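Read top to bottom, the protein sequences are chains A and B.
Take the first sequence: its position 80, counting from 1, is numbered 80 in the working numbering, and each next residue is one higher.
Take the second sequence: its position 94, counting from 1, is numbered 94 in the working numbering, and each next residue is one higher.
If you are wondering where the hints come from, they were derived from the structure by calculation, not from laboratory data.
Each computed DSBU-like pair below joins lysine-lysine, with the alpha-carbon atoms no more than 35 Å apart:
{"hint": "1", "chain 1": "A", "residue 1": "K147", "chain 2": "B", "residue 2": "K267"}
{"hint": "2", "chain 1": "B", "residue 1": "K311", "chain 2": "A", "residue 2": "K255"}
{"hint": "3", "chain 1": "A", "residue 1": "K238", "chain 2": "B", "residue 2": "K339"}
{"hint": "4", "chain 1": "B", "residue 1": "K331", "chain 2": "A", "residue 2": "K257"}
{"hint": "5", "chain 1": "B", "residue 1": "K75", "chain 2": "A", "residue 2": "K167"}
{"hint": "6", "chain 1": "B", "residue 1": "K36", "chain 2": "A", "residue 2": "K257"}
{"hint": "7", "chain 1": "B", "residue 1": "K331", "chain 2": "A", "residue 2": "K255"}
{"hint": "8", "chain 1": "A", "residue 1": "K255", "chain 2": "B", "residue 2": "K242"}
{"hint": "9", "chain 1": "B", "residue 1": "K94", "chain 2": "B", "residue 2": "K65"}
{"hint": "10", "chain 1": "B", "residue 1": "K269", "chain 2": "A", "residue 2": "K167"}
{"hint": "11", "chain 1": "A", "residue 1": "K2", "chain 2": "B", "residue 2": "K75"}
{"hint": "12", "chain 1": "A", "residue 1": "K253", "chain 2": "B", "residue 2": "K269"}
{"hint": "13", "chain 1": "A", "residue 1": "K253", "chain 2": "B", "residue 2": "K182"}
{"hint": "14", "chain 1": "A", "residue 1": "K255", "chain 2": "B", "residue 2": "K182"}
{"hint": "15", "chain 1": "B", "residue 1": "K269", "chain 2": "A", "residue 2": "K255"}
{"hint": "16", "chain 1": "A", "residue 1": "K253", "chain 2": "B", "residue 2": "K311"}
{"hint": "17", "chain 1": "B", "residue 1": "K242", "chain 2": "A", "residue 2": "K257"}
{"hint": "18", "chain 1": "B", "residue 1": "K267", "chain 2": "A", "residue 2": "K255"}
{"hint": "19", "chain 1": "B", "residue 1": "K141", "chain 2": "A", "residue 2": "K208"}
{"hint": "20", "chain 1": "B", "residue 1": "K94", "chain 2": "A", "residue 2": "K208"}
{"hint": "21", "chain 1": "B", "residue 1": "K269", "chain 2": "A", "residue 2": "K2"}
{"hint": "22", "chain 1": "B", "residue 1": "K269", "chain 2": "A", "residue 2": "K49"}
{"hint": "23", "chain 1": "B", "residue 1": "K341", "chain 2": "A", "residue 2": "K255"}
{"hint": "24", "chain 1": "A", "residue 1": "K218", "chain 2": "B", "residue 2": "K141"}
{"hint": "25", "chain 1": "B", "residue 1": "K269", "chain 2": "A", "residue 2": "K257"}
{"hint": "26", "chain 1": "A", "residue 1": "K147", "chain 2": "B", "residue 2": "K214"}
{"hint": "27", "chain 1": "A", "residue 1": "K49", "chain 2": "B", "residue 2": "K214"}
{"hint": "28", "chain 1": "B", "residue 1": "K94", "chain 2": "A", "residue 2": "K167"}
{"hint": "29", "chain 1": "B", "residue 1": "K339", "chain 2": "A", "residue 2": "K257"}
{"hint": "30", "chain 1": "A", "residue 1": "K257", "chain 2": "B", "residue 2": "K341"}
{"hint": "31", "chain 1": "B", "residue 1": "K341", "chain 2": "A", "residue 2": "K253"}
{"hint": "32", "chain 1": "B", "residue 1": "K75", "chain 2": "A", "residue 2": "K147"}
{"hint": "33", "chain 1": "B", "residue 1": "K226", "chain 2": "A", "residue 2": "K255"}
{"hint": "34", "chain 1": "B", "residue 1": "K226", "chain 2": "A", "residue 2": "K238"}
{"hint": "35", "chain 1": "A", "residue 1": "K169", "chain 2": "B", "residue 2": "K94"}
{"hint": "36", "chain 1": "B", "residue 1": "K75", "chain 2": "A", "residue 2": "K169"}
Some, not all, of what chain A presents toward chain B, calculated at C-beta under 10 Å:
{"hint": "37", "residue": "Q99"}
{"hint": "38", "residue": "D248"}
{"hint": "39", "residue": "K255"}
Quick caveat, the model's predicted, so the values are computed rather than measured.
Cβ coordinates follow ideal geometry from the N, Cα and C atoms, glycine included.
Below, each chain spelled out in residue letters.
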Amino acid sequence: MKIVVCVKQVPDTKGGVKFNPDGTLDRGAMLAIMNPDDKAGLEAALRLKDQYDAEVTVVTMGLPKAEEVLREALAMGADKGILVTDRVLGGADTWATSQTLAGAIRNLEYDLIITGRQAIDGDTAQVGPQISEHLNIPVISYAQDIKIEGDSVIVQRQYDDRYHVLKAKMPCLITALAELNEPRYMTPGGIFDAYDAEITVWGRADLKDVEDSNLGLKGSPTQIARASDKVRKGAGEKVNLGVAESVDYIVDKLKVKHVI
Amino acid sequence: MNIQDYKGVFVFAQQVDNVLSGIALELVGKGKDLAKDLGVEVTAVLVGSGVAPLADELAEYGADKVIVVDDPELKEYRTEPYAHALASVINEYKPEIFLIGATAIGRDLGPRVSARIHTGLTADCTQLEIGDFPINPIPGKEQLHNQLLMTRPAFGGNTIATIACPEFRPQMATVRPGVMQKAPREAGRKAEVINYNPGFTPDNKYVEILEVVKAVADTVDIMDAKILVSGGRGMGSPENFKILEDLAEVLDGTVSCSRAVVDAGWKPKDLQVGQTGKTVRPNVYFAIGISGAIQHLAGMEESDIIVAINKDETAPIFDVADYGIVGDLNKIVPALTEKLKEAVANK
Chain A
1 MKIVVCVKQV PDTKGGVKFN PDGTLDRGAM LAIMNPDDKA GLEAALRLKD
51 QYDAEVTVVT MGLPKAEEVL REALAMGADK GILVTDRVLG GADTWATSQT
101 LAGAIRNLEY DLIITGRQAI DGDTAQVGPQ ISEHLNIPVI SYAQDIKIEG
151 DSVIVQRQYD DRYHVLKAKM PCLITALAEL NEPRYMTPGG IFDAYDAEIT
201 VWGRADLKDV EDSNLGLKGS PTQIARASDK VRKGAGEKVN LGVAESVDYI
251 VDKLKVKHVI
Chain B
1 MNIQDYKGVF VFAQQVDNVL SGIALELVGK GKDLAKDLGV EVTAVLVGSG
51 VAPLADELAE YGADKVIVVD DPELKEYRTE PYAHALASVI NEYKPEIFLI
101 GATAIGRDLG PRVSARIHTG LTADCTQLEI GDFPINPIPG KEQLHNQLLM
151 TRPAFGGNTI ATIACPEFRP QMATVRPGVM QKAPREAGRK AEVINYNPGF
201 TPDNKYVEIL EVVKAVADTV DIMDAKILVS GGRGMGSPEN FKILEDLAEV
251 LDGTVSCSRA VVDAGWKPKD LQVGQTGKTV RPNVYFAIGI SGAIQHLAGM
301 EESDIIVAIN KDETAPIFDV ADYGIVGDLN KIVPALTEKL KEAVANK
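Okay, chain B solo, but in the shape it has when bound (with noise of 0.2 Å):
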């Protein structure tokens, strides 16, 4: 591998259903940054069947080359023909760097892509920048510059590494939805599109869908709420998560919970906040009965301000609170909405 062969930037720009995810033009946006310090261009590698229309849109939001790989083989998400889809990218246009998002289709994808192109692949980064590696001069060993520095908690979120990938091309990281901003959008920016189609054959490893089941979804992604009012164990009880949604709605908010909640059965999976469930930096966010073990502070603690009500003054979740209120939530909560209604009223 000659790594000089390798240049430019290129992400992986997930779309279900031929609509684009948050993450892709998080990732255009992060891979925009990038680029630049490398003084190089961002790809986006669009992947799937009549997805062309979405190159447009990549294209506004930053992307300044767009690879389409379109074929009705990749219909539906597949791990085999979008590894495939990805490994020949790769192998056809060497990149340096390959941003994937840490999605069920990323973390999927991923690993199987970096292990058929040999190269090293780090898993949910929540930061990532060009630097040294070393991060310190060692003497005796070569300091490489322009290299991928890529930052991730471990361990439940108790430690963060930083990691790198001197050797091997493209250095690739899967990328937490929610951390990166995208660009600003700039209509009628355009990109190169560069159709590319390496032809697919299905094998052994080719996969037979039998079968989409789809959740019905009619709520808000907490992920994209503005406000979120989440509650924990201290709810006490599924019924009293009404106070929760009468305040969530005086606000114009959402409401999440903890994992306590999910495992109890209260609430389901997608509106779980944490290191297991989604991560939110909402511009409120308000931790009600919930005590924030290490794993939940993973998953919120990039919020804006937060608000923290929990009779246990000893909660870590005071440790991350801008306001914390040391108090009985159920007579604080209905009390609070009631003076909201009427400070919104007043306005």
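One chain only, chain A, in its complex shape (with noise of 0.2 Å):
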């Protein structure tokens, strides 16, 4: 069984946002590490590796740097990391960037494949998705459990307020949510060895059955009209009283809008 998993490297919005002095984000500053759904991702398929024995084949695309997070998929236990990388495919949107993974993917040979549902810098959800639509195959979003029966997966699929249980035939692709497991731990042995494996980099010509008018910032339907931060409305009043005053306040408050 061969499962290729696409993985992207994300600056860590979480806890850590830096700004620089003009309110933009710094993000030189900010950590950057493997996207937390796509490590759920990952996860899930070396969990298959250990026990069908599958071959695990990370992708990712990015900048040069992003060969960290190969490392890190490597030290984790994945067998071998692509890297796709190219000036060409910058500027992506998300509709460029299935069509680049996409791809690569289709010099690989696979019976899953399986994204992260979304990334915490765009939030967007929709590589995945748009991955299996070039491929021809079907999609499974939001899993939350996968099995393997015969030549299907049956995977839990999260809704709001139930879930589906679903039978696909492989090739199928799995869109996994960080609350699918719990990422284990790099080895030390596993990082020795990572530091020293061999990453593929592969570049636009590397890409089987994409047109160049698919690709990068050209490439991609959307663009950017306005990019700004957030302005959030201001604070109101703050006031440090005792027990008794602070009850009077919220009430009489409450009274003046008409809430009670």
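Hints in hand, dock the two standalone chains.
Laid out in structure tokens, this is it:
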């Protein structure tokens, strides 16, 4: 069994958000991490590897620096890392990104493709389903449990108030939730080996069956009209009173606003 | 693609168990505003099995037309037959705008459809308007009019971006539930109903549903609550949420919580407010023992009135609170509940 896992290197927006003096996001100061949903997807793949002796190939698209997340994946137990990097791929929206990754994956054999549900920098949840469309295979998104049965996968797919137990013939693409599992740590030996392991690097020429018109900024249907820091509503009043006075203050405000 | 061929605003009227989701009516409401600006009609696309009776409700909330795709294959949501339904409707009727709710269903369906018809899709929009692209004229570049400008938060709510899709149609967006307003219901209002079935032939992309497991839900959806009493890590323990329940009861409100509380296993995920939880805009939002991480603010800052109680006077929640109280929630909240009981009794 062969599994391809797509991961993305993202700035860590949780907790450690840093701003420049002019109020823009200081990406340089923020830690670059493996996107949490992707890491859960990788862990799911590694568990299938433990169970079924699957071969796990990890693919990422990004700047040369994104090699770091591939080494992390190798140290966790993945078999092979492929970095897709090329200037002409820059500025891609989800359409162009999914075209790029689909073009890379067409070079590989796979029974299962696993991606994270969404990346914490963009939060779009689009690239996984779009890859499946380009490859003409079924997608099951929001997986909270994955099992293999013969030539099929059986997946619990989460919704708001319910989940579906779905069965799909492989090859199939699954998007994973961070809640799917608790990703394993890298092992010391794994880290040592991953440091020396060879990472495969692919550029534009290595992508299969993709038109130039579908790649990078030029191949992106969506364009940014404006980007800005979020303007928040200003702080209101803040009081530091005794308990009884605090209570009177709140009750008074609720009366003024006709809440009570 | 000849962009001039694409006309009208279409919205996906999501239904589950043949009941329209709130987002369906919100999208009809927003779609109507956009259609008015463009001088076109708003069309609801209703997909399912035995769903035709829902067309009347869509009409009463403002839909000018309802396209009904009704087929037994569409009984429960599955990505492939639904994607086929929407892609076929788009290819047949050529709308200039297509809106889908950013629900678990919509965020699965939208990307698959946009990839099939080759257009852009902007995720999780919180604001939609008709305008020019580029927004300000750029010498040597044609400024296009009547474009859909789609605004969405990114980087965990730290930035906002406005996106356009100038060269492809339809301009597609998923829209965050609870943000757009539905129009007032006009009883007896009618829409033109069009039945359309592109044919559904199962192939490799049709998955099999083995089981549908519904969570037992006897609680109010926090997105519908007028008053939310929300607790954070500062509550200290799951047992201590009792004082929030008491406060909520006096005000006929509902208890919700922050992500930290869900992560600690104190409360279920469907009560979580924030970027990875639900977006709420109640009349009053009590943030109690919630520090106010940026992801939390993203889910509640549109509330009409925000009351924050926190012992840490530097907590970021005070930056968005209308009324901030620095103090011990364990003393203030029970006292507040008692005082409100009196106030309500004397009314």
